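Chains as they are written, first to last, in this note's numbering: chain F, 1 to 370; chain C, 1 to 289.
By construction, these hints were calculated from the structure, which means they are not laboratory data. Heads up, a few of these hints could be off.
[To be verified] Non-contacting residues of chain F with respect to chain C, defined by C-beta distances greater than 10 Å in every case (computed):
{"#": "1", "residue": "E66"}
{"#": "2", "residue": "D78"}
{"#": "3", "residue": "K110"}
{"#": "4", "residue": "A131"}
{"#": "5", "residue": "P139"}
{"#": "6", "residue": "Y211"}
{"#": "7", "residue": "D242"}
{"#": "8", "residue": "A250"}
{"#": "9", "residue": "G304"}
{"#": "10", "residue": "L316"}
{"#": "11", "residue": "T321"}
[Said to hold, decoys possible] Label pairs and their in silico Cβ distance ranges:
{"#": "12", "chain 1": "C", "residue 1": "A76", "chain 2": "F", "residue 2": "G13", "range": "28 to 34 Å"}
{"#": "13", "chain 1": "C", "residue 1": "N141", "chain 2": "F", "residue 2": "V219", "range": "28 to 34 Å"}
{"#": "14", "chain 1": "F", "residue 1": "A131", "chain 2": "C", "residue 2": "N19", "range": "50 to 56 Å"}
{"#": "15", "chain 1": "C", "residue 1": "R29", "chain 2": "F", "residue 2": "G13", "range": "51 to 57 Å"}
[Said to hold, decoys possible] Within a straight-line C-alpha distance of at most 30 Å, the following computed DSS-like cross-link-like pairs (lysine-lysine) qualify:
{"#": "16", "chain 1": "F", "residue 1": "K313", "chain 2": "F", "residue 2": "K346"}
{"#": "17", "chain 1": "F", "residue 1": "K14", "chain 2": "F", "residue 2": "K171"}
{"#": "18", "chain 1": "C", "residue 1": "K243", "chain 2": "F", "residue 2": "K2"}
{"#": "19", "chain 1": "F", "residue 1": "K360", "chain 2": "F", "residue 2": "K346"}
{"#": "20", "chain 1": "F", "residue 1": "K59", "chain 2": "F", "residue 2": "K80"}
{"#": "21", "chain 1": "F", "residue 1": "K14", "chain 2": "F", "residue 2": "K149"}
{"#": "22", "chain 1": "F", "residue 1": "K80", "chain 2": "F", "residue 2": "K2"}
{"#": "23", "chain 1": "C", "residue 1": "K79", "chain 2": "F", "residue 2": "K2"}
{"#": "24", "chain 1": "C", "residue 1": "K79", "chain 2": "C", "residue 2": "K145"}
{"#": "25", "chain 1": "F", "residue 1": "K80", "chain 2": "C", "residue 2": "K43"}
{"#": "26", "chain 1": "C", "residue 1": "K243", "chain 2": "F", "residue 2": "K54"}
{"#": "27", "chain 1": "F", "residue 1": "K313", "chain 2": "F", "residue 2": "K2"}
{"#": "28", "chain 1": "F", "residue 1": "K313", "chain 2": "F", "residue 2": "K360"}
{"#": "29", "chain 1": "F", "residue 1": "K171", "chain 2": "C", "residue 2": "K79"}
{"#": "30", "chain 1": "C", "residue 1": "K243", "chain 2": "F", "residue 2": "K360"}
{"#": "31", "chain 1": "F", "residue 1": "K171", "chain 2": "F", "residue 2": "K346"}
{"#": "32", "chain 1": "C", "residue 1": "K79", "chain 2": "F", "residue 2": "K14"}
{"#": "33", "chain 1": "F", "residue 1": "K360", "chain 2": "C", "residue 2": "K10"}
{"#": "34", "chain 1": "C", "residue 1": "K224", "chain 2": "C", "residue 2": "K197"}
{"#": "35", "chain 1": "C", "residue 1": "K264", "chain 2": "C", "residue 2": "K79"}
{"#": "36", "chain 1": "F", "residue 1": "K59", "chain 2": "F", "residue 2": "K92"}
{"#": "37", "chain 1": "C", "residue 1": "K43", "chain 2": "C", "residue 2": "K79"}
{"#": "38", "chain 1": "F", "residue 1": "K171", "chain 2": "F", "residue 2": "K2"}
{"#": "39", "chain 1": "F", "residue 1": "K54", "chain 2": "F", "residue 2": "K2"}
{"#": "40", "chain 1": "C", "residue 1": "K224", "chain 2": "C", "residue 2": "K145"}
None of the values given here were measured: they were computed from a predicted structure. Even glycine gets a Cβ: it sits at the ideal position worked out from N, Cα and C.
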Amino acid sequence: MKLYEYLAKEVLGKAGVPIPPGRVVDTPAEAKEAVAAIGPAALKAQVLVGGRGKAGGIKFAATPEEAPAVASQILGMDLKGYTVERLYAEAKLDIERELYVSVTTDRGAKRPFVMASSEGGVEIEDVDDAAIVRRHVDPRVGVLPYFGKEMAYDLGLDGTLAREFGALVEKLYGVYQEYDAELVEINPLAVAGGHLVAADARLNVDDSALYRHKGLPRVDEGTPIELKVRDLGLAFVELDGDIAIMANGAGMAMATLDAVQHFGGRPKNFLDAGGGASVEPTAEALGVLVSMNPRVIFVNIFGGITRCDDVAKAILQVRETRGIPVPLVVRLVGTNEQAGVELLAKAGISAYSEMAVAAKEAVRLAEEGR
Amino acid sequence: MAIMLTRHHKILVQGMTGNQGQFHTRQMRAYGSNVVGGISPGKGGTEVEGVPVFNSVRDAVRETGADASIVFVPAAFAKDAAFEALENGIRLLVMIPEHVPVQDSIAIVTRAEDLGATVIGPNTFGIISPGEGTKMGIMPNHIYKPGPVGVVARSGTLSYEIAFALTNAGLGQTTVLGMGGDPVVGQTFISVLHHFKSDPDTRAVVMVGEIGGRAEEEASLYLKELGKPVVAYLAGRASPPGKRMGHAGAIIERGVGTLDSKEKALTAAGARVVTMPWEVADAVREALR
Chain F
1 MKLYEYLAKE VLGKAGVPIP PGRVVDTPAE AKEAVAAIGP AALKAQVLVG GRGKAGGIKF
61 AATPEEAPAV ASQILGMDLK GYTVERLYAE AKLDIERELY VSVTTDRGAK RPFVMASSEG
121 GVEIEDVDDA AIVRRHVDPR VGVLPYFGKE MAYDLGLDGT LAREFGALVE KLYGVYQEYD
181 AELVEINPLA VAGGHLVAAD ARLNVDDSAL YRHKGLPRVD EGTPIELKVR DLGLAFVELD
241 GDIAIMANGA GMAMATLDAV QHFGGRPKNF LDAGGGASVE PTAEALGVLV SMNPRVIFVN
301 IFGGITRCDD VAKAILQVRE TRGIPVPLVV RLVGTNEQAG VELLAKAGIS AYSEMAVAAK
361 EAVRLAEEGR
Chain C
1 MAIMLTRHHK ILVQGMTGNQ GQFHTRQMRA YGSNVVGGIS PGKGGTEVEG VPVFNSVRDA
61 VRETGADASI VFVPAAFAKD AAFEALENGI RLLVMIPEHV PVQDSIAIVT RAEDLGATVI
121 GPNTFGIISP GEGTKMGIMP NHIYKPGPVG VVARSGTLSY EIAFALTNAG LGQTTVLGMG
181 GDPVVGQTFI SVLHHFKSDP DTRAVVMVGE IGGRAEEEAS LYLKELGKPV VAYLAGRASP
241 PGKRMGHAGA IIERGVGTLD SKEKALTAAG ARVVTMPWEV ADAVREALR
């Protein structure tokens, strides 16, 4: 789960990370109040994408009088597909230079990982490798001030800034641990008035750990249908094609998308119905696909723990209760295959056993319907 | 022969009295796995599927001499279960649960490294060694057969699809191992390939990878040392960046984890990367020629 900048800063501020004064703004009138309270400010769109500045999502207001007009330019605008509903007004900084620092998990090393750069304010992928300092954390030891201080020296910082950097990395690692973060990132980390301050912040929390962070607000990211399907407990991603797809298991679902694309078709979604789903959840998942009005529905099942007869029953249940008004292609092999195929055959649905043949047929039917 | 799991392992099932634990205890025993006990606090002294239930791993290890354990407890309790196993001498640990917090997984694998224990998972289908007639996992029993191919996969059902195709093509397996779909798991492709290298019966290896992370790129650096033919299938060609494709670990983030990068690295290292899952068996047959 990604947190908005203002939420990330709230968490970081509580942890003792220096952040500029700021407040949330939902209307042009509130923008005026905010600037009156904190002085010249940046009005920043609160959306879950990077590169807001370039896209016109960050503008400055020098006086309370001009703040409402500036705010209304951003509020309601479309920013890379997200509608801006909320701003964060933050005291304007006199930035002397911009740095970068983040704590994340290195998957390969299976260790927490701190990365810092003497060049901040741009995406870290675009920074020259020579300007980046990287260091793994031994989770048994954690991070003490010396850890970040050494990184600061490697970045060419010294004196106050090196000391502040050491304290900062210790705090960021504390947030990483306490909030089960996937990413704690300050970019840019500004030097203003000779001190470090977090000009922007990202905090992404591990979805699997949300149960132990009940105090954190929930930020839902996704299209309306994605949110609806995820509420059912299913992994789902909406795509822009016309062939609706259901498979069991994440890898199989990805491979099914690949197969459809391989034969020239366009997947409308990714849907993992689960590695061992029974009749009801499978029927629910299929119901979602029907509601998306695809040209074709392609069900690709390799029954391991999932039983083919359960899948067949789910298909028949959906057909009887709500109807399946588009062509349906079913590939069914594995556990209880015979029983599943027979159930479908009795209802006039023939199942495929080869994934390639089934994928090709789904693509052909979609083309026919176009 | 096989890697990591042999018929000599004495296996515990943590969470055996739950639905999943019970079902898979039955399946594992039907396959031949030497399940010597189950753990279910408060139910010690009873039996499930004819297997004795113990209150703790400590009791079970003391009574049975178990050295391996498979964990079926809910994700929130997985860290506790894993540490209970590791601290009581279990040296082969299979973690089935999905949605284990990453920080818990880091703690588990770090402790396992210190103890010299092997962790498979979390979010894995487990490990099966057909020639040894034993498995620790949730994979279907009938799709494997003994033979010369080692399989290592990040995904369950996709690996079933591929293993079954191998079996139908007459290409049996030494061991099939699921690394797990999470960002942090006990095994890497390299650690598993290293085992396959020392197993004389494994004559070719199939890697089933997917988008996300750099595990495949890192593995490519090892292929020369492996010295055995590798066929790879990678899932996620049609997956957009920035979206989590079912597995917590299957996501292209900030340009890292693209299929293109993985395919290039593996191909350059001499692996045969096939585009579709149904092409794996033929490629393996050619590689074995």
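Each hint tested on the structure:
1. E66: 35 Å, holds
2. D78: The assertion about F:D78 holds, with a minimum of 18 Å to chain C.
3. K110: 5 Å, violated
4. A131: 17 Å, holds
5. P139: Answer for F:P139: violated, closest chain C Cβ roughly 5 Å.
6. Y211: For F:Y211, whose nearest Cβ neighbour in chain C is about 6 Å away, the distance does not exceed 10 Å, so it is violated.
7. D242: 14 Å, holds
8. A250: 3 Å, violated
9. G304: 4 Å, violated
10. L316: F:L316 is indeed farther than 10 Å from all Cβ atoms of chain C, at 22 Å.
11. T321: 26 Å, holds
12. C:A76 to F:G13: 28 to 34 Å: Taking Cβ atoms as reference, C:A76 and F:G13 lie about 29 Å apart, which means the hint holds.
13. C:N141 to F:V219: 28 to 34 Å: 43 Å, violated
14. F:A131 to C:N19: 50 to 56 Å: 54 Å, holds
15. C:R29 to F:G13: 51 to 57 Å: 56 Å, holds
16. F:K313 to F:K346: Satisfied, since the Cα-Cα distance of roughly 12 Å is no more than 30 Å.
17. F:K14 to F:K171: 10 Å, holds
18. C:K243 to F:K2: At roughly 13 Å apart (the allowed maximum being 30 Å), F:K2 and C:K243 satisfy the hint.
19. F:K360 to F:K346: 24 Å, holds
20. F:K59 to F:K80: Satisfied, since the Cα-Cα distance of roughly 17 Å is no more than 30 Å.
21. F:K14 to F:K149: 22 Å, holds
22. F:K80 to F:K2: Roughly 16 Å separates the two Cα atoms, so the pair holds.
23. C:K79 to F:K2: Satisfied, since the Cα-Cα distance of roughly 24 Å is no more than 30 Å.
24. C:K79 to C:K145: Cα-Cα ~33 Å, so violated.
25. F:K80 to C:K43: Distance ~56 Å between F:K80 and C:K43 Cα, so the pair is violated.
26. C:K243 to F:K54: 23 Å, holds
27. F:K313 to F:K2: 38 Å, violated
28. F:K313 to F:K360: Given that 30 Å is the threshold and the Cα spacing comes to 24 Å, the pair holds.
29. F:K171 to C:K79: 25 Å, holds
30. C:K243 to F:K360: 26 Å, holds
31. F:K171 to F:K346: With a Cα-Cα distance of about 65 Å, the restraint between F:K171 and F:K346 is violated, given a limit of 30 Å.
32. C:K79 to F:K14: Answer holds: C:K79 to F:K14 is near 28 Å, not above 30 Å.
33. F:K360 to C:K10: Not satisfied, since the Cα-Cα distance of roughly 46 Å exceeds 30 Å.
34. C:K224 to C:K197: Distance ~11 Å between C:K224 and C:K197 Cα, so the pair holds.
35. C:K264 to C:K79: 36 Å, violated
36. F:K59 to F:K92: Satisfied, since the Cα-Cα distance of roughly 10 Å is no more than 30 Å.
37. C:K43 to C:K79: 21 Å, holds
38. F:K171 to F:K2: Holds, at roughly 19 Å.
39. F:K54 to F:K2: 21 Å, holds
40. C:K224 to C:K145: Holds, at roughly 28 Å.
In this structure, the hints that do not hold are numbers 3, 5, 6, 8, 9, 13, 24, 25, 27, 31, 33, 35, in rising order.
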